[in-house]
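Please work from the sequences and hints to get the whole structure.
Protein chains: 2
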Amino acid sequence: MSVLVVGSIGLDTVKTPLDEKADLLGGSASYAAVGASFFTDVKLVGVVGDDFPQDHVDYFKQRKIDLEGLQVEQGKTFRWSGEYHWDMNTRTTLSTELNVFEHFTPTLPAAYGNTQYVLLANIAPKLQSHVLDQMQRPKFIIADTMNLWIEIAKEDLLALLKRVDMLILNDSEARELTGQTSLIKAGSLIRKMGPAYVAIKKGEHGCLLFGENHFFSCAAYPLEDIHDPTGAGDTFAGGVAGYLASRSTGEVTFDQLRKAVVYGSVLASYNVEEFSLERMRSLNMTDVEDRYQMFKIMSHFEVLE
Amino acid sequence: MSVLVVGSIGLDTVKTPLDEKADLLGGSASYAAVGASFFTDVKLVGVVGDDFPQDHVDYFKQRKIDLEGLQVEQGKTFRWSGEYHWDMNTRTTLSTELNVFEHFTPTLPAAYGNTQYVLLANIAPKLQSHVLDQMQRPKFIIADTMNLWIEIAKEDLLALLKRVDMLILNDSEARELTGQTSLIKAGSLIRKMGPAYVAIKKGEHGCLLFGENHFFSCAAYPLEDIHDPTGAGDTFAGGVAGYLASRSTGEVTFDQLRKAVVYGSVLASYNVEEFSLERMRSLNMTDVEDRYQMFKIMSHFEVLE
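Quick note, the sequences are listed as chains A and B, same order.
Take the position in the first sequence, starting the count at 1, then add 39; the result is the number in our numbering.
Take the position in the second sequence, starting the count at 1, then add 39; the result is the number in our numbering.
Hints listed in this document are in silico derivations from the structure and should not be mistaken for laboratory results.
A hint or two may mislead.
Given that identical chains are not distinguished, each listed pair holds provided it fits within a single copy or across any two copies.
What the hints assert, rightly or not - Here are the simulated DSS-like cross-link-like pairs (lysine-lysine), alpha carbons at most 25 angstroms apart as the crow flies:
1) Lys-178 / Lys-201
2) Lys-165 / Lys-115
3) Lys-241 / Lys-54
4) Lys-54 / Lys-224
5) Lys-335 / Lys-241
Right, dumping it as C-alpha cells:
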C-alpha cells in the first residue's frame with residue numbers, strides 16, 4: 040500500500056553552535072516523504088516555487104516518490120531559517136518567508152483520492168482537512184501538528200482531530216493542547232478528542248504511544264552528537280506512516296504501531312546525525328534494521344525468574 | 040546478602056497544590072532502607088533526635104531493618120519542609136533545620152564492617168567516604184548524590200567517585216557535574232570519574248543505565264496522579280541496592296543491573312502514589328512483581344520478522 044504525504048516543502052538555512060548551512064532541502068513533507076519512502080511508495084502533495092533546485096526534485100525521484108501532486112508555482116519557494124542553541128533542544132526561528140506557500144491549496148491529482156494511508160504532515164489544520172475532503176475512505180490517517188496551530192487555529196485543529204486515526208505531537212504541544220502537565224493524562228485526553236492513537240514525542244527522551252487499553256514507551260537512541268535536529272519529528276512521522284502502509288493486512292494493530300514507532304525513531308535518530316536530509320541519502324535498509332535491533336537491545340531486560 | 044544503608048533520617052513537611060502534611064517520616068536513608076527491605080536484610084546507619092516518633096522506629100523494625108547503627112542523640116531530629124508546584128517536577132525548599140544532623144558522624148557498629156553491599160544514600164560526600172573508611176572490602180558500593188554537593192563539595196565528591204562501583208544521580212545533576220548537556224556524553228564522562236556504572240534518573244522520563252559497552256534505557260511507569268514525589272530517587276536507589284544484594288552470586292552483571300533498575304523504578308513509582316512512605320506500608324511483593332511485568336509489557340515490541 041502507498042502513503043500520501045502532504046505538508047510543507049522549503050529551503051532551510053540552519054545555524055548550530057558549530058556550523059551553518061543555507062538553502063537546504065527542508066519542510067515537513069520533504070522529511071516525511073523521504074522517511075516513508077524507506078518502507079513503501081509515496082505520493083507527495085506540496086508546493087514549491089520556480090527557484091526550487093532540480094537537485095532536490097531529482098532526490099525525491101530517486102526515492103521513487105510520486106511527484107504528480109507537487110505543484111510548481113511562479114515565485115519563490117517557502118524559506119525558513121533557524122538557529123539551535125548548545126543543548127540542541129531549543130531553537131529560535133530567525134525568519135520565515137511563506138512565498139508560494141502563502142496561498143497554497145493542496146489539490147490532489149485524481150489518482151490520489153483512493154490512497155489508503157495518509158500522513159498529514161505539519162501544515163495548517165484547515166489545509167490538512169481540505170486534503171481529507173478530496174479523498175475517498177482512507178484506511179488510516181495520521182496527522183502531525185505544531186504549537187502555532189494550537190495557538191492560532193485551535194478550532195480547525197479540533198475539527199481535524201475528529202477525522203484522524205492518529206495524532207503525532209511533541210510533549211509541550213500535548214501539554215498546551217490539553218492544559219495538562221502530566222503527559223499520561225494529556226495522551227488520554229487527546230484520544231478523547233478523536234484519534235484512537237496518540238504519539239507524544241519527547242525528543243531525547245523517546246516517545247509515548249497511547250491506544251485504548253494500550254500503552255507503549257519507546258526509548259530514544261543514545262546519540263552522542265546531534266548535528267541538526269530539524270525534521271526529526273517529520274522523519275519520525277514518515278517512518279511510522281510508511282511502515283504501517285507497508286504492513287497493511289486488515290486492521291492496524293497496536294502491535295504494528297509499536298513497531299512503526301520504533302522504525303520512526305530509528306529514522307529520526309539517523310536523520311539528526313547530519314544537516315537537512317543528508318544522512319538519508321547514504322542510509323540503507325540494513326542500517327535501519329541494525330538500529331532497530333539496537334533499540335531492542337537497549338530497552339530489553341529479563342522477565343522475572 | 041544484606042545491604043548497609045547510610046543517609047539522612049528526618050521529619051518532613053510537604054505541601055503540594057492539593058494537600059499539606061506535617062511531621063512525615065523522611066530522609067534519604069529512610070526511603071532507601073525501606074526500598075531495599077523489599078528484597079533483602081538492611082542495616083541502617085543514621086541519626087535522629089530524641090523527639091523521633093517511636094512509630095517510625097517501629098515501622099523500620101517491622102521492615103526487619105537492623106537499627107544497631109541508628110544513633111539517637113539529644114536534641115531535635117533533622118527537619119525539611121518543601122513545596123511542590125503544579126507540574127510536580129519542580130519543588131521549593133521552604134526550610135531546612137539540620138538539628139542533630141549537623142554534627143552527625145556515621146560510626147559503624149563493628150558487625151557492619153564486612154557488609155558486602157553498601158548504599159551511600161544522599162548525604163555529604165565526606166560522610167559517605169567516612170563510611171567506606173570503616174569497612175573491609177565491600178563487593179558493590181552505590182552512591183547517590185545531589186546538586187548541593189556538586190556545588191559546595193565537588194572535590195569530596197570526586198574523591199568519593201573513585202571508590203564506588205555505581206553512581207546514581209538525576210539528569211540536571213549529571214549535566215552540572217560534567218558540564219555536558221548531552222546525557223549520553225555525561226554518562227560516559229562520569230564513568231571516567233570512577234564508577235563502572237552510572238544511573239541517570241530522568242523523573243517522568245525513566246532512567247538511563249551506563250556500563251562498559253552497555254547501555255539500558257528504562258521507561259517510567261505511566262502514573263496519572265503523583266501525590267508526593269519526595270523520596271522517589273532514594274526509594275529507587277534502595278530498590279536497586281536491595282535487589283542486587285539479594286541476587287548476589289559472583290560478580291554483579293549488567294543483566295542484574297538492568298533488572299535492579301527496573302525494580303528500583305517499580306518501587307519509586309509506587310512510592311509517589313502517596314505521601315511520605317505511606318504507600319510502602321501497604322505494598323507487597325505481589326504488587327512489585329505485577330508492576331515489574333507492566334514495565335516489561337509497556338516497553339516491549341516485536342523483533343523484526
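Going down the list of hints, with the structure as the test:
no. : hint              : result
1   : Lys-178 / Lys-201 : within (15 angstroms within a copy, 58 angstroms between copies)
2   : Lys-165 / Lys-115 : within (23 angstroms within a copy, 65 angstroms between copies)
3   : Lys-241 / Lys-54  : within (22 angstroms within a copy, 28 angstroms between copies)
4   : Lys-54 / Lys-224  : between (36 angstroms within a copy, 22 angstroms between copies)
5   : Lys-335 / Lys-241 : both (19 angstroms within a copy, 20 angstroms between copies)
Consistency with the previously given hints is maintained throughout, with no hint failing.
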